[in-house]
Amino acid sequence: MAEVSVGKGLTKGIVKFLVILGAGFAALFVLKGVLAPPTADGYRFFPVIGSRDWIWVVAQTHLDFAAFVLGVPIFAVTMEFIGWRKGDPRLDRIAYDFAKLFTLAYTFTAFMGAVFLVSVPLLYPKFISYMMQILGYTWWIYLGVMLAEVVVCYLYFYSWKKLKDRKGLHVFLGGLLNFFGLLLLLITSIWVGFMTTPAGVSKTGALINRWATIHTHMWLPLTLHRFIANIVFGAGIAAAYAAFRFITSKTPEEKAYYDWMGYTSATISIGVSLLLPGVGYLLGVEIYSFNEQMGIQLMGGFFAWLWVMQAMLIGAILFFINYYLWISLHKMPGGERYYGQVKYLFIVVLLGYVIWITPHDIALSLSEARRIGAYHPVLGKLGVMAAKNTAVILSYLATFLSFSIFRMSNKEPVVPWAKAGRVLKALIITVSTGGVLFLGVLGYTVSAEVRVGVLSPIQFSLFFIAILALFLLDFFMYRGARIIGEPRWGQMPERSQYALIAITVTFTWLMGMLGYMRAGARQYWHVYGIMMNKAPDAYLPTAGVASIIVTITTLLFLLMVAFVFWSIMRLEKFSERRVTGQ
Amino acid sequence: MKKGVLKLALIVIVLNLVFVYIGLEYLPQSESKPPKTIVLKPGISQADLVAIGEKIVFGKGQCMVCHSEQPSTTERAPAMSTIGAEIAREAKARGIPPEQQLFEALVNPGAYVVKGFENIMPPANQPPTSLTDGEIIAVAAYLQSQGASVTVSYPGSVPLLKAQEQKAAQAGAYK
Amino acid sequence: MHYIFPALAIIGLAIAILAALRKSPFFNYLGILLAIYAGLKSLSLIMPPLPSQVVHMYMVVAVLTFLIYFSISEETFHAFLRPIRTVLADDDKKALRVAIVYIFIPLLAAYIAYSGVSPSFTPPVSPRISHPEPPMQMTFKGQTIKILGLQNPLRQDTANFGKYVEAGKKVYYQNCFFCHGDGLNGKGIFADAFNPPPPPFMGTDTIAQLPESYVFWRVAKGWTALPPGSHPWDSAMPEFENFLDQNSIWEASMFIYYASGNKPRTF
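Chains as they are written, first to last, in our numbering: chain A, 190 to 771; chain B, 109 to 283; chain C, 625 to 891.
So that you can see chain A by itself, here it is in the shape it has in the complex (with noise of 0.2 angstroms):
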């Protein structure tokens, strides 16, 4: 981007966003005049394809983009507090790229939300205007925050060359742009929780409690669940554009600086992620705290084959992430005393995804079905929860060991003990591999209430006090380590980049989806049990069809992604050329 001064940058940003703001009212206001009024049910039509599409697709991209832009400031600005404490230009460095991404991204966020903003009104102005009646205040609130927002997010990144040496105050700014950033979430969280599990309001809508109408039943967990989500998309998103520049770039430097942002994006995805399951469980409780038949429905009723498709979804990029890892392994010196572990590793991750997709009951032809009779063995075994636990468990455990092999394959350690080390790790390994797969066996052999209650946890805790084993083992182990060669970072095949490219679609498709599920929870209400929906098309659409649009978002996001990658290169091929005086 190009260099500009702080006040120049904060005026452009300002200036953007109210623009943005102002067309989105304009339009809002023109079109409503133009328009033929709603029918007597409160809905107008969009055109060809329907409102709930229309909205659905907007809805979606600036919901990829919001968490895009919520969720980078959080490791931007951990990084760049590392980086100064430790002195470290490569972190202040990654942290500057990742602002300038949310920066730019800032301004298709907002476009789309003006988009979202002109559009629901329009198409939906009876239930707005109910939404409005109830959480109206908190509406303007927003726009204040976002305000807020958008002016810290361009004094952080304008500022940045500017309070170099002021790096306190620096980082405190990049702490504010976070704190504004979780308001914003707990914000929309408001909505999103008031329409699905409505509290405070008697049940013609009334309002009765404005405070319970805010803290319902989804909302916190709801906003921690996208907190965290957020963080894990982000740093997808960052290392897909790490993988773009690698590609696209000609000098070796180039090509290292961006394989190594490529892996540590990917690192901080992964490893979030794996608190996921557990925030997940959380919201799963609330909404089944305040529904029971909400709950039946989400987990086993009409969205239960969509779970399946999430583990198949979770499986792939599981897949994808060990490749890179795998890869990664060629350009580590010693690396290669480690290829033949790979076979193994590559072995159980394969073996857990087919135990994980394998299902339990499936359609049969009748020629099938005559000779399998009621009951296959394959299937039997495999597709209950003892053996998919057993497997998930097992395929994040390779997982981590792929990570940890790559970490150290360039290190010799020299510690008195390494020997014993080894042994120890060894030892670990087996262990925990063993116990996991002794208590899935037995989980046949007891009763569903103790496999559940008892031997899912002890396996779960095995998993977690393993990989702390081995991470904490790894650390003493390699202290002062002698190091046969530095990374040799950028030279990388192509392939490994489009591994990162995949986790990242992959993601986001797997967002779109959940994001259908959490608002298909809400069936053919508006607000759920309050307001209905009276529109033609407040149907749930076929598993098909549902996966046809939540392809379109993901193609129309990443789209976008796209061209804010190209324009962060031209903005900076811009500067250059200013700087060399040409």
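Do not rely on the hints blindly, as some may be mistaken.
So these bits of chain A aren't anywhere near chain C, every CB distance computed over 10 angstroms [claimed, not checked]:
(1) G198
(2) L293
(3) L352
(4) F416
(5) V474
(6) I485
(7) A500
(8) V537
(9) G569
(10) I672
(11) G679
(12) P682
(13) I741
Think about it this way: if two alpha-carbon atoms lie no more than 27 angstroms apart in a straight line, the pair counts; the simulated DSS-like pairs of lysine-lysine are [stated by the list, open to error]:
(14) C/K765 - C/K793
(15) C/K811 - A/K570
(16) A/K577 - C/K665
(17) A/K392 - B/K168
(18) A/K392 - B/K163
(19) A/K570 - C/K665
(20) B/K144 - A/K315
(21) A/K444 - B/K163
(22) B/K141 - A/K315
(23) B/K168 - A/K723
Pairwise CB distance ranges, derived in the manner of DEER restraints [what the hints assert, rightly or not]:
(24) C/N819 - A/P566: 16 to 26 angstroms
(25) C/T848 - B/Y129: 34 to 44 angstroms
(26) A/Y326 - B/G203: 51 to 61 angstroms
(27) A/I271 - C/L720: 53 to 63 angstroms
Keep in mind that the hints were calculated from the coordinates and are not lab data. Bear in mind that the values here come from a model prediction, so they are computed numbers and not experimental data. Where a beta carbon is used, it is the ideal one built from N, C-alpha and C, also for glycine.
Keeping the supplied structure of chain A fixed, place chains B and C upon it in accordance with the hints.
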């Protein structure tokens, strides 16, 4: 460099196509439609009432989310196939007419929970299902048809139903 | 005909090993895929065949993941691509290229088109539940029996165990053996008439997975009590409450567990 970017775009598109393919080919395809309000003709025959009730129980009433059809070891709510007999038995035990037990269970389910079950049922006349009086009577007729004789009628049973609704509202069951 | 798939699996394995020795990852890949496919197919020799949809799914995973595996190392990947490159570019491979473009691809297209339009008489596939939830209670000739926690009363009388098994044997051979077979293997003289076939009792997959109360219910109520998800019309099991008394059913159950070397599930 150009080639690299093109390959990259190809990866993105192919991956998305794979996901759509899975969504279209491997997952079962069904839609979930919002329900329509059913208007009953006064003096409708009991057989028709039961037939309509069955449709509501298995459809817009969403009863089968928690109730199972056959009695089973994992049931969360009484099974449908024997529920008429069950209601008659409970009514006898409490010494009230079976219709009263029936309508109370539908519009004020928290007032009396059968032993061994938890109080998880939402009133059928309240959101999210919001069944009309006629629909509730149809459901009641269907429930009675499962193991007992049908005694409710439309609009004959409306006052009985209204009385139960009023009682529930006074007890504060609809908040 | 039965042994074509095991044979193919061995051929695939041989190709894979030979290719690995001669450092030709591409043929190694093809060999592995062939071995996996034929291996999955030859499972039908030792157990019921895998449903084709599952084989399809496993193969998609295998094709993609092994492709990924062979592209991990730079040298391997180059060696992997070499046969493809030579076919596409080398001058002396022109005949092969022509054959691919003008013979193999059209043949493949013709096959796909043919299998797409050729009429088939198989009904559409339908999902099914293998083991329906055991019911809470049932009626036996009008008498209500609670199934949850139901025990075989004859098993308490351990002194007469042999006598009951002997009686159960008689019951079995007078009633069950026509379908479930002489060797308790589901291959009775009528078995071929049913679709799906009657389940075998040998092995650890059927009765060993079930509590004895489930067996009692299934024998007593037959196909009529199966819930819709299990397709009652896919079972020909008669309602034996009409032909046997309770003790006879329990005796038969004791016999099939005893003779197949299984024990009822007790949890």
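Check your understanding: Has the given pair, A/K392 with B/K168, been kept, meaning a C-alpha gap of at most 27 angstroms?
Key -> holds, 19 angstroms
Point to revise | 27 angstroms Cα cutoff - pair A/K392, B/K163 | key: Given pair A/K392, B/K163 holds - Cα atoms ~26 angstroms apart, limit 27 angstroms.
Review point. Taking 10 angstroms as the cut and beta carbons as the points, is A/G569 off the interface with chain C?
Key: violated, 6 angstroms
Practice item. Please settle this one: A/L293 was flagged as non-interface, so is its CB more than 10 angstroms from every CB on chain C? Key: holds, 33 angstroms
**Study point:** Exclusion check [A/V474 not at the chain C interface, CB over 10 angstroms]
**Key:** holds, 25 angstroms
Check your understanding: Okay, C/T848 versus B/Y129 on CB: inside 34 to 44 angstroms?
Key -> holds, 41 angstroms
Review point. Is it true that the C-beta distance of C/N819 to A/P566 lies inside 16 to 26 angstroms, as the hint says?
Key: holds, 20 angstroms
**Study point:** Distal placement of A/L352 relative to chain C, Cβ over 10 angstroms
**Key:** A/L352 is indeed farther than 10 angstroms from all Cβ atoms of chain C, at 44 angstroms.
Point to revise | Separation of A/I485 from chain C, once the least beta-carbon distance is taken, above 10 angstroms | key: Non-interface label on A/I485 holds, nearest chain C Cβ at 15 angstroms vs cutoff 10 angstroms.
Review point. Are the Cα atoms of A/K444 and B/K163 separated by 27 angstroms or less?
Key: With a Cα-Cα distance of about 65 angstroms, the restraint between A/K444 and B/K163 is violated, given a limit of 27 angstroms.
Review point. Is the nearest Cβ of chain C still more than 10 angstroms from the Cβ of A/F416?
Key: holds, 32 angstroms
Check your understanding: Is the hinted pair A/K577 and C/K665 satisfied, with a Cα-Cα distance of at most 27 angstroms?
Key -> holds, 23 angstroms
Going down the numbered hints, you'll see the structure goes against 9, 12 and 21, while the others check out.
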